[in-house]
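> Residue-level listing of the chains:
There are 2 protein chains.
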Amino acid sequence: MAINYPNPKKTTTKLINRANLGMTLEGDIEATNQFYLDKQRAVIYKKPTPVQVVTVSYPARNKAKITEAYYKTPSTTDFNGVYKGYYIDFDAKETSSKTSIPLKNIPEHQIIHLKRIVDAGGIGFMIVYFSVYNEYYYLPFDVLYEHYLSSINGGRKSITYETFKTLAYPIKFGFNPRIDYLKIIDDIIIPSLS
Amino acid sequence: MAINYPNPKKTTTKLINRANLGMTLEGDIEATNQFYLDKQRAVIYKKPTPVQVVTVSYPARNKAKITEAYYKTPSTTDFNGVYKGYYIDFDAKETSSKTSIPLKNIPEHQIIHLKRIVDAGGIGFMIVYFSVYNEYYYLPFDVLYEHYLSSINGGRKSITYETFKTLAYPIKFGFNPRIDYLKIIDDIIIPSLS
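Same order as they appear, the protein sequences are chains A and B. Note that the first sequence covers residues 1 to 194 in the working numbering. Note that the second sequence covers residues 1 to 194 in the working numbering.
Rather than coming from a laboratory, the hints here were simulated on the basis of the structure. A quick note: this is a predicted structure, and the numbers were derived from the prediction, not measured. Careful, some of the hints might be misleading.
For identical chains, the list gives no copy identity; a pair is met inside one copy or between any two copies.
To be verified - Taking lysine-lysine pairs in the DSS-like style, the calculated list, with each CA pair at most 30 angstroms apart, reads:
(1) K172 x K63
(2) K93 x K63
(3) K72 x K46
(4) K65 x K115
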């Protein structure tokens, strides 16, 4: 007799609803950070996207209008801030793959940046969203770094979903906060530091 | 008999030299942070200036050209990062006054931001440059905040140079690093935390 597995279409429906609400991974994290800020739990911001300004005109007094500019590649990660005195630094990535996240999705300069952060005593990590499963993971930097080092030495160029199941920490999606990554920091990361 | 005070013009000459070299307070701090980064002492960056992008054109594939944008007021301070596991957050201000720095030079949103930082366990401060004296000071957030609270309750709207002499910490200008504010954090701030 066949086991009645939950219909995977349910997950898909959820995703469509989420998309219909105009939510994005970045938007969900920004809403989470705003929640933390409002509750006075943490002060964590998204850094502005760096822009190389080429031409500025002044159509009115004290009103600078940028008329030519280009996006620059950020040299760091998108998010940083402070929680319980700890320096927090991370970026967020989404993958539509069922089996892994390709390491090419994570720019090398972000890995170098996070390595410096961890070496300076900060907490560095990635939030990875597997869209097909609608699952969020807290990927500690050391796990990311091992896979990165392995990849540049000829190893596989991705981190498998199975690795997330064993070495990363699931973050439950909620109403408010939406992506409660501080819970992982409270429950798992801070206790491991002391 | 008149006391032969050092000629104040000497300070002016120094300033002109500094200006001739194209240095700015912000540039000096960025050079300092780069020195700390290169020496693996700390990871502290200036946040990009936020820009509100209105129109983007695509003159070539994968090449986004911003054709209309405006500078936005940052909601935080300019600099943040991590040192010895401590979260560091500050801004830098310059005054040409001989007697004080006006509090209107420090936007209220920066004071609110730094208050949140300190409440969350971070190290918050201002670097203040008195250009007439060519002197740099580390102004701890608590001193700034007392003066801010006093000013909104009818007190004076500036922090006097005398206050800097007694409650702030001088930072020596050097060749490399130029503005060694981590020395103040090492010698005075970290010992006061434990």
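> Which of the numbered hints are not met once you compare them with the structure shown?
The structure conflicts with hints 1 and 4, although it agrees with all the remaining ones.
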